[in-house]
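**Q** Residue numbers (the numbering used here), protein chains in the order written: chain A, 1 to 291; chain B, 292 to 673.
Warning: the hint list may mix true and false statements.
Away from chain A, derived, C-beta distances all over 10 Å, residues of chain B [said to hold, decoys possible]:
hint, residue
1, G317
2, V321
3, G397
4, P399
5, W401
6, F405
7, I428
8, V465
9, F468
10, L488
11, N511
12, R646
Cβ-to-Cβ under 7 Å is the rule here; a few derived chain B residues that face chain A [as the list claims (entries may be wrong)]:
hint, residue
13, P429
14, Q439
15, A440
16, G519
17, I562
18, I611
19, E615
20, F618
21, G621
22, F624
23, I625
Per label pair, the in silico range of CB-to-CB distance [as the list claims (entries may be wrong)]:
hint, chain 1, residue 1, chain 2, residue 2, range
24, A, L70, B, L609, 43 to 51 Å
25, A, V153, B, R447, 27 to 35 Å
26, A, A157, B, R447, 32 to 40 Å
27, A, A157, B, F630, 40 to 48 Å
28, B, V319, A, G264, 56 to 64 Å
29, B, V398, A, L154, 54 to 62 Å
30, B, W495, A, R282, 49 to 57 Å
31, A, T225, B, R610, 25 to 33 Å
32, B, M608, A, Q132, 53 to 61 Å
To be clear, the hints were calculated from the coordinates, so they are not data collected in a lab. No residue lacks a Cβ here, since even glycine has one placed at the ideal position from N, Cα and C.
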Amino acid sequence: MSTLILTLITGVGLGALYFLVASGLSLIYGLMHVLNFAHGAFLTLSAFMGWMVAQALGTDSWGSFLLSVLVGAGVGAVFATLTELVLIRPLYERHIEQVLVTVGLSFAAVALFEGIWGTDPIHIGGPPWLKQTTDVLGARIPNTYWVLMIAAVLVLAALVLFLQKTRYGMIIRAGVENRSMVTALGIDVRRSFTLVFAIGGAAAGIGGVLAMHYSTFVSAHLGQTLLIFAFIVTVVGGLGSLTGAAVASVLVAVLQQFANFYLGGTGDFIVVILLALVLLVRPTGLLGRKA
Amino acid sequence: MNLRQAQGRGAAEERSIRRFLPALVGVVLVAFMAMLPLLNLSLPGILPTPTYLPGTLALLSLCMVFAALALSYNLLLGSGGMLSFGHALYFGAGAYGLGIALEHFGVPLWPGVFIALIGGMVIALVTGAVSMRVSGIPFAMVTLAFAQAGSVLVRRNSQVTGGEEGLSLNTAQVPDFLIGVVNTRNLYWFTLVVLVLVYLVVLWVDTSRLGHLARATRENEQRVRVLGLSPYRVRLIVFVIAAGLASLAGVAYMLLQSGTVPRSVSADLTITVLVMVVLGGVGFRWGAIVGGVLYTLLDQRLTVLAGSEAIAGLPDMLRIPLSEPLFLLGVLFIIVVMFLPGGIAGTIDAAVRRRRGEKVRGSLRQLDDADDSVETPAEVRA
Chain A
1 MSTLILTLIT
11 GVGLGALYFL
21 VASGLSLIYG
31 LMHVLNFAHG
41 AFLTLSAFMG
51 WMVAQALGTD
61 SWGSFLLSVL
71 VGAGVGAVFA
81 TLTELVLIRP
91 LYERHIEQVL
101 VTVGLSFAAV
111 ALFEGIWGTD
121 PIHIGGPPWL
131 KQTTDVLGAR
141 IPNTYWVLMI
151 AAVLVLAALV
161 LFLQKTRYGM
171 IIRAGVENRS
181 MVTALGIDVR
191 RSFTLVFAIG
201 GAAAGIGGVL
211 AMHYSTFVSA
221 HLGQTLLIFA
231 FIVTVVGGLG
241 SLTGAAVASV
251 LVAVLQQFAN
261 FYLGGTGDFI
271 VVILLALVLL
281 VRPTGLLGRK
291 A
Chain B
292 MNLRQAQGRG
302 AAEERSIRRF
312 LPALVGVVLV
322 AFMAMLPLLN
332 LSLPGILPTP
342 TYLPGTLALL
352 SLCMVFAALA
362 LSYNLLLGSG
372 GMLSFGHALY
382 FGAGAYGLGI
392 ALEHFGVPLW
402 PGVFIALIGG
412 MVIALVTGAV
422 SMRVSGIPFA
432 MVTLAFAQAG
442 SVLVRRNSQV
452 TGGEEGLSLN
462 TAQVPDFLIG
472 VVNTRNLYWF
482 TLVVLVLVYL
492 VVLWVDTSRL
502 GHLARATREN
512 EQRVRVLGLS
522 PYRVRLIVFV
532 IAAGLASLAG
542 VAYMLLQSGT
552 VPRSVSADLT
562 ITVLVMVVLG
572 GVGFRWGAIV
582 GGVLYTLLDQ
592 RLTVLAGSEA
602 IAGLPDMLRI
612 PLSEPLFLLG
622 VLFIIVVMFL
632 PGGIAGTIDA
642 AVRRRRGEKV
652 RGSLRQLDDA
662 DDSVETPAEV
672 RA
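Sequences and hints are given; from them, build the entire structure.
**A** Here it is as C-alpha cells:
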C-alpha cells in the first residue's frame, strides 16, 4: 500500500515538472503554431543561472532557494523574449523555418553551455528540508515532490487567471481562435506572441531550477531530456490546450512511475506506447479540438 | 536545310545536352571519386593526408555515409514534405541491426546486411503507420518520441546492444578485405557504392509515379484524395523507402567505424542530418550530398581548430564559443535558415534560373504553404 502511494505521489510530482515545461510549449504552439525546440535551452540556462545565484548566497537557506527560482523565471523569460524578437519574428508565418531556427538555437546553446560549464553534471545542494521525506499513510515522500507540485499549481492558477481575467489573456485566446479577426480589430497580435514566449520561458525557467533540485545536479543536457517528455505530454494532451497539458502531464508521469516500479524500469517505453495509442484512437490528443 | 530547321536542331541539341549534362557530370565525378585511392592529391587544410592514405580515405568515407543519410532524409523532407525528427532511428537500426545479426545470430556479412535492412524497414513501417495519424508539426514531435524510445531501448538493453559502451563489429563474420586500416580503400569503395546506390534509388523514386504522387500529396493532400488516391499510403511508402536507405547508410557506418555508439540512434543525429539537408538545400539531391560532405568536413576541421594553440591563447569570451564546433555549426545553421532559405543548392539554382529567366522555386517556403493549407486550428483553453 505504501509503495502504491509513494509511486502515485512521486508520479504526480514528476507530472508537475512536466507541466511546467509543457505549459509554455502548448501555449506557444496554440497561438503561433511554432514547435519550440529551444525550450530546453531556456530551461537549462535558467537552471545554470539559478545554480550560480544559489551558490553565491549559500545553498541551504530558503531565501536563496526562492531567489534562485525567481532568477530562473526571469532568465527564462528574457531568453525566450530575445529568441522571439530576434529569431522567430523575422520568419513570421513560416512555420517550418521557425522550427528549424529553434532547432539550431538549441543545438548551438547546448554546445555553448558545455563550453562554459563543462560536460560533467554539477551537483547542487539545497535547503536541508528538500533532502528529507514526509510521511503520508506510511509512504515516505521526498520533499522535492511537494515543491514541484506547489510550483505547478501556482503556475497553472496564474496562467488560468491571466488568460481568463486580463485583457492580454483575452487577446491571446482570441488570437488563437481567429488571428486575422483580432488583427482586423486593430490589435497588434504580434505583441502577444512575444508575451506568450516570455510566459512560456518563465514557466520553463521555474521548471529548470526545480528540475535541478529534483535531480540534485545540473548539466547542459538537462533541458533536452525533459523537452522530449514535454513534447509527448503536449501531443497526448492536445496541442494548444492548457488543461490538456495539465491532465496529460500527470497521466504520463504517473504511468511512467508505475511502469518503472512494477514493470522493471520500462517507464520511458510505456510512455511512448501511450503516445502511439492516443494517436491511434484520438489523433488530436485527449483535449485537442476536432479538426 | 533552311535556317529555321538548323535553329530547331540547335535548340534540340542544346536541350539534350542540358538533360544529359547532369548525368555526365555525375558519372565523371563518381569515376574520379573511385580513382582517388590510387592518386596522390593533397588538399592541405581540408584533408588531413594525401588521398591515398587511410586517414583521408576514412574521412571521405564518413562524408559519403552522411551524404547517403542526408539523401535519404531529403527524400523524406524534400519530396515527401515530411519533417521527421526520428530519422536517426532507422540509421541506428541499420548499424545496430548488422552488429546484432553478426554478434548474436552468427550469420555471415551479406545475410546480416539483409537482416539489418529488413529490420530497419519493418520498424519504419510500424512507427510510420502510427505517426502518420498526424501531420505537420505534431508528426515531427511523434517521430521524435519514437526515436527517443529507440534510443532508450538501446541504452537499457546492454546485453544485446552494449549499452553506453556501444556495440563493436564482430569481425569474425566479415570478409577479410573489409577489415583493418590497410583495407580502408576497400571500405571507401564500398561506401562509394552505397552512396551511388542510394542516389539511384532516390532518383528513381523522385522520377517515378510514386515520387510524382508524393510531391502532389505534399502540395495539396485534399486534391490527391479527391482523385481517389491514398495520400497516407504514398507517404508511408516514401517513408519506408527513406528509412531503408537510412538503414543502408547505417550498415556502411557500422562497417566503416567497426562499431557504433548510442549516439547513432539519438535525436542529436537526426538534427545533425536536418542541418546537413537544410545547409545543402532542401529538395535538391546534389544539395543533400554537398550538405552531408560539407558538414562532416566542417565538423572534423572545426574540432581540429578547437584544439589548436591559436584558439587556446584567446580570451574566454572568444575561446569558449570557438572551441565548440557544434556551437559554430548551430549558428551557421541559423544564419542559413534566416538569410539563405534555399541552402547552397537552392541559392545556386535560383541564380542560374534567374539568369535563364525562369521561375524560381523556394522549396522550404513551398513546404510552408502546403503546411498552412492542411493546418488544423488549435485552441487555448483554460
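**Q** Please name the hints from earlier in the document that this structure breaks, with their numbers sorted from lowest to highest.
**A** 7, 16, 24, 30 and 32
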